[in-house]
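Participant: For reference, the chains in residue letters:
There are 2 protein chains.
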Amino acid sequence: MSVKKIGIGIVGLGTVGSGLIEIIQKNNNIYKNKYKTDFSINGISAKNRNKKRNVSIKGYKWFDDPVKMTELPNIDIIVELIGGSDGLALKLAKESLKRRKYFVTANKALIAKHGIKIFELSQKYNAKFSFEAAVGGGIPIIRLINNSIIVGKIKNIYGILNGTCNYILTKMRENNLQFNKALKEAQNLGFAEANPKDDINGTDTAYKLAILSNLAFGINTKVSDIYTEGISKIEEIDIKMAQKLGYKIILLGISNLKNNKVMQRVHPSLVSNNSMISKVDNELNTIIIDDEVADKIMVVGKGAGKRPTAASIMADILNIHDENKKKFFVTKNKKVSSLSSKDISKREGRFYIRMGVDDKPGVLADITLFFKKHKISIKSMFQLDNKIKNIVPLVFVTHKITEHKISLVLKKMKALKKIKTKIVLLRIEEL
Amino acid sequence: MSVKKIGIGIVGLGTVGSGLIEIIQKNNNIYKNKYKTDFSINGISAKNRNKKRNVSIKGYKWFDDPVKMTELPNIDIIVELIGGSDGLALKLAKESLKRRKYFVTANKALIAKHGIKIFELSQKYNAKFSFEAAVGGGIPIIRLINNSIIVGKIKNIYGILNGTCNYILTKMRENNLQFNKALKEAQNLGFAEANPKDDINGTDTAYKLAILSNLAFGINTKVSDIYTEGISKIEEIDIKMAQKLGYKIILLGISNLKNNKVMQRVHPSLVSNNSMISKVDNELNTIIIDDEVADKIMVVGKGAGKRPTAASIMADILNIHDENKKKFFVTKNKKVSSLSSKDISKREGRFYIRMGVDDKPGVLADITLFFKKHKISIKSMFQLDNKIKNIVPLVFVTHKITEHKISLVLKKMKALKKIKTKIVLLRIEEL
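If you read the sequences in order, they're chains A and B. Per my numbering: the first sequence = residues 740 to 1170. Per my numbering: the second sequence = residues 740 to 1170.
I should point out that these hints are in silico values taken from the structure, not numbers from a laboratory. The model shown is predicted, which means the values in this text are computed figures rather than measured ones. Hints are supplied without guarantee of correctness; some may be wrong.
Partner residues aside, some chain A positions facing chain B, computed with beta carbon under 8 angstroms [as the list claims (entries may be wrong)]:
hint: 1; residue: Ala866
hint: 2; residue: Ile976
hint: 3; residue: Met1053
hint: 4; residue: Asn1058
Glycine included, C-beta positions come from ideal geometry on N, C-alpha and C.
Please put together the full structure from these sequences, using the hints given.
Facilitator: Structural data, given as structure tokens:
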């Protein structure tokens, strides 16, 4: 069997790009033997040519304009690692496919927004397109959904999709840290970026959830249709109280199919210490697929980092001669549609509510009476002894109730003068 | 796009075979739409035609001799669900491939013993061959190893591979049951077969481990080379003591690559309550792949049962037009070889040791002195108060030591008259 030559163009030379170069350098001989394919990097491009990098780029042909690479006959694959949902990334996708190059990307913003369009282009031009690294870092979730969970009907898909948030919440819990300190630690160790906004506020999780929902349910999600709450409001006291109640607080992305409607949401959630998902600590990610035939399948792995993410990209590259079916995004399901973020009001669940009240006799009775009057059924209540400036923290856990009901009642509650702090509302998820 | 017609012959109509018929009946219209393929069952066969079954087989063409089906032009896929490592199953594999039928099987004994030979035949005749359901029931582990974990080098692969044993150990722990009672419960609920020998004694796990090792390391394992211990010796007291020490007892299959040698073993193991694997309860299975590039990837799902296992077979069927690379078993790694089961003596680890001793003063001191004399370093020791007939149970936890050393010392220990029961030795695994 003769060895095929395959040329790669890499656009974007940050952590993941450098990792990819290292993998190809180290393993190319193994791939030659195993897959009868000789991969060579025939072009590279990045914003700044002279930036200090961990890997030497001297031996590779540099392009100021990466789009030029799509015109070269010795480049078969364009790997896009620059990010951004539009602009150059989108242009590269279009030009690559138009010229029948295999387009490989790790760009979740691009795929969340334009994945279906790019897929249609890849069909039109009979070119390949993969994005394993866009969701779950080193977890091969895209391939799992496209090649394996194809028999029945997925009912729910959810998980921990952001390693930065999971790391921060783990450190807050383990080391009794405040959010800001845990964030700083994560930044120092490279688990959070200098500008962590998209991670912290849930946007990154929403991008990934949109991609998973589109694949699982055959819909076309607008990211703005996903109800999204970040983790910056989580305080030490909530982490501790959750622990006392037998829960951990984690940031989940959740997508449920019910009556042909898909509800998507991203928010901090209290999950039982007995659940498997509560053991997924630090920078690990997990995705759970709940299928009517295969039942629940859970995958856990490194959600970020140079090597795991680069491994997902390399798996895409190595599959260049395989997976001809291209079934993803193909089956737009006309019956199924995405709800808007406002529809979360219809969701039913249990809630954790925390507030600070005046340390005066009768206040607790007043609050419980208020809940009773508004027909909020309370499962358990805690008055904590860590009083600050005469303000006593109270924690309530409700029975099942709709989001609509609880938000109406909390709005009214805010007007009560006895309540001296903002009211923290967290969702309890039974997974 | 026109719809392709694909004929299926099913051999073996037990739980999984019936499940497969149900899935095809229920979903065929969906598959027609989604995959442009019309699957029809054009032949069935089983040992007993008139057995009572959950699914009606009236409408399907019956074959007393299933090998006849491989000769039919309207059958493209043979699904083998009869079991057995040789005999009819092997014959069906050979005849199917020879006639260029796609051979799909759930038969772990067959694949563990003849997988590589069958793969070579499939190469020779340019026919397809899949066995997703042979390991991990509904967990798509074969496809994961063949399509995704292909970038780096797998260092370790291990997991809970037998749902029956995991169910029994869970029930022993949760309900304080003796082994025999938990087994009976498992049988009543359909989680254990009438003859559960191969499950209980670890053979089933060894078959699956052999398949995983062959795929992961490119070796050709003899199942007899796998050190195998079952779970029937586990007593309630061990489950309880393990819990007190912060462990759960689970049956693991473990395969480690070190210096180009693969050590494979199946035995009950104490794993920390803090580990993710300790949360995989009841009939769930899990497999952890530890790869030098992708790091650890863990998959959890239903390891047995009609629908999950049938789903894996159906996934094989639906991939009929895909996955042309056929890379599994292809890369026989000449450098790497399998150790024999005796080589477990080189393994190093911590141990849990339980014995019953005379309830007399000085006995404890004598035993600890014995350990000291033989240079077995003890990390912790417990004398339990549940004395039976004047025999006191003692539990020791060792520091790291080789299997060779501990078994030599225990052999000598057996001669001590103060020890009134057999000595139970269990391995502690740090995963």
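Participant: Would you settle whether the hint for asparagine 1058/A is holds or violated, based on the nearest Cβ-Cβ distance to chain B being less than 8 angstroms?
Facilitator: Where the cut-off is 8 angstroms and the nearest Cβ of chain B is about 7 angstroms from asparagine 1058/A, the hint holds.
Participant: Holds or violated: is there a CB of chain B closer than 8 angstroms to the CB of alanine 866/A?
Facilitator: At 17 angstroms from the nearest chain B Cβ, alanine 866/A fails the 8 angstroms test, so the hint is violated.
Participant: Holds or violated: the hint that methionine 1053/A contacts chain B, with Cβ atoms closer than 8 angstroms.
Facilitator: 4 angstroms, holds
Participant: Does the closest beta carbon of chain B sit nearer than 8 angstroms to the beta carbon of isoleucine 976/A?
Facilitator: 24 angstroms, violated
In this structure, the earlier hints numbered 1, 2 are contradicted, and the remaining ones agree with it.
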